[in-house]
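Student: So the protein sequences, as listed, match chains A and B. Take the position in the first sequence, starting the count at 1, then add 419; the result is the number in my numbering. Take the position in the second sequence, starting the count at 1, then add 796; the result is the number in my numbering.
Treat the hints loosely; a few may be bogus.
[As the list claims (entries may be wrong)] Simulated crosslink set (DSSO-like; lysine-lysine; CA at most 27 Å straight-line): (1) A:K595 x B:K985; (2) B:K985 x A:K574; (3) B:K849 x A:K572; (4) B:K982 x A:K595; (5) B:K929 x A:K595; (6) B:K849 x A:K559.
Don't read these hints as lab results, they were simulated from the structure. All figures in this text were calculated on a predicted structure; none of them were measured in a lab.
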Amino acid sequence: MADVNTGDDGGGKKKHGKQRAKKSSTRIDMTPMVDLGFLLLTFFILTTTFNKPQAMEINMPVKDKDLTDEEKNKVPAEHTLNLILTDNNVVYWYFGVPDPNKPLPSLTKTNYTQDGIRKLLIAENNKRHNMFNQIEIWKKEVSTGKMEEADYKEKLKAFREENKLSSLIVLIKPDKESNYKNVVDALDEMAICNIGSYALLETNDIENQMVQNANTF
Amino acid sequence: MPKIKMPKNSPSIDMTPMVDLAFLLVTFFMLISQFRAEEAAVIDMPSSVSDLKIPDKDIMMILVDKEDHVFFTITGQETRRTVLEKMGEKYGVVFEEDQLVEFSNMASFGVPMKEMKEYLSAGSTDRKKLQEKSAGIPIDSLSCELCDWVFYGRINAPRFRVAIKGDQVSSYPTIRRVMDILQDKKVNKFNLITNMESGPGE
Chain A
420 MADVNTGDDG GGKKKHGKQR AKKSSTRIDM TPMVDLGFLL LTFFILTTTF
470 NKPQAMEINM PVKDKDLTDE EKNKVPAEHT LNLILTDNNV VYWYFGVPDP
520 NKPLPSLTKT NYTQDGIRKL LIAENNKRHN MFNQIEIWKK EVSTGKMEEA
570 DYKEKLKAFR EENKLSSLIV LIKPDKESNY KNVVDALDEM AICNIGSYAL
620 LETNDIENQM VQNANTF
Chain B
797 MPKIKMPKNS PSIDMTPMVD LAFLLVTFFM LISQFRAEEA AVIDMPSSVS
847 DLKIPDKDIM MILVDKEDHV FFTITGQETR RTVLEKMGEK YGVVFEEDQL
897 VEFSNMASFG VPMKEMKEYL SAGSTDRKKL QEKSAGIPID SLSCELCDWV
947 FYGRINAPRF RVAIKGDQVS SYPTIRRVMD ILQDKKVNKF NLITNMESGP
997 GE
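For reference, chain B alone in the conformation it holds in the complex:
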């Protein structure tokens, strides 16, 4: 009986084309992706047929999540820093340098000014807990911190576009209150951020 001969050729295959393709795709995704800091709230936006694109920079955004908590964000590190300093002056909170730097690199936030210091010094996991505990930026007429955020935001960046990003299920009175605040601050033109929807059925 002759021995069974094992095939001598190596089992490895030429991976070069696969590698080429993989790196091509890596390059593609690297170039088109852009990083942004994690948002403080998960927001499921309603969809609309509007096809207006929202710019990435020069924008002031007010977010309303499904529990009607209000969040705020403004673009530009310098702007954010100055706005926070001004807010600190108004509410008697003195921020340290590292807290200012932390704030200028952050995405949206939704804590009242008295919790801001603790929020900024906390680590990312603690920060999430603090965020969950807090009820968002106060918008009632007695302590309207959002009014001041909008006000100082407008002073420092008067040309910025203003946008409201609300969750599908956030209640209308909250949204209305936010709109009223904006109107009080002479912002009569603003954007509602939505997801894309395919056009109406033909």
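Chain A on its own, in the form it takes in the complex:
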């Protein structure tokens, strides 16, 4: 099967007469080679993974055991948006810090779609400073090559520093029912909506109660 067809049968018998150049064909049967080539091709196509996995980086705060809960939660209440992630891809949100002695803030139900949490975040961001649109403009300039990536980062940093106290603070609180995808989705929204300050926290008892109340109604 794999023998090379040189065209002469046994060759070298007719020694008498004129010495003629052999008429043997120079073609070889390439079928086995092609078979092998395509076999390898198939193998490498199937084993190749083109897109490398991406990663998002998160910085967690240093665990300081000396800090009390009160000190940890030192954030301006009117700028604090709490997102409670729970099962079935439901997100509840409310503003401020719940106080057990006062009527609890009401939860609003939303989801991870474009019209859900993203709309809210962008609206809240815009309410706080009109400069927010500027980031989008800068982003476009970077993508069209009008601005250097480093310049953009520098400007963004300065911008965030400037509006540190008045900008939106988002506390992401996944509860026990939520899954990992929900957390990544929420963190992703922070990146999309240019939220500079956000934290990944755990729900407290009051919030668990609030979610339970919201679920029963």
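Fit chain B to the known structure of chain A by using the hints.
Tutor: Here is chain B on its own, set in the frame of chain A:
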């Protein structure tokens, strides 16, 4: 009636251009593909818009599959070997040379230390069965083997990046526990590995 003449030219066609192309593609795929050992768990990652690339080397990875089993891996054959030896010392398990070599060539694993010896000596099919039976690396506070893996990993390779690779449906408390372990070990900066997603709709 004249006989029907059969065409005399051979039915074979010139395959040279096709072969050229085939081998060109083979070469291309050979050069860009890279082999890696089979992962112990199938993980379906969530997607994100983040475009940070994760490096292939110098990385310590903690995997969480959809049943909330925890797996661990660290790159570098030397590092893996030393980490396993240290873990063996701590848990009173003595590994033989071939088991150490086997471990240093492996991808991720998710068995407790007491099953590690059996796991390393098993063949690939038996190993899969063992993996299915086992409940991953213990992460509860009583026997936190993952804490020790992270600890010895950090000691041997302090500059390594730490990454968490979770399945879409793995539950948040498990992920939180892994993050807490990392924070206890003074790892406050880590990566979450995700798939690429096209950017937000314009």
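Student: Each hint: holds or not?
Tutor: Each hint, compared with the structure:
Of the pairs offered as hints, the one joining K595 (chain A) and K985 (chain B) holds, with about 23 Å between alpha carbons and a cut-off of 27 Å not exceeded. This hinted pair checks out: K985 (chain B) and K574 (chain A) have alpha carbons roughly 24 Å apart, not beyond 27 Å. For the given pair, K849 (chain B) sits about 18 Å from K572 (chain A) by alpha-carbon distance, which is consistent with the 27 Å threshold. For the given pair, K982 (chain B) sits about 24 Å from K595 (chain A) by alpha-carbon distance, which is consistent with the 27 Å threshold.
With a CA separation close to 26 Å, the supplied pair K929 (chain B) and K595 (chain A) stays within the 27 Å bound. Between K849 (chain B) and K559 (chain A), the direct Cα distance comes to roughly 22 Å. Compliance with the 27 Å bound is thereby established for this hinted pair.
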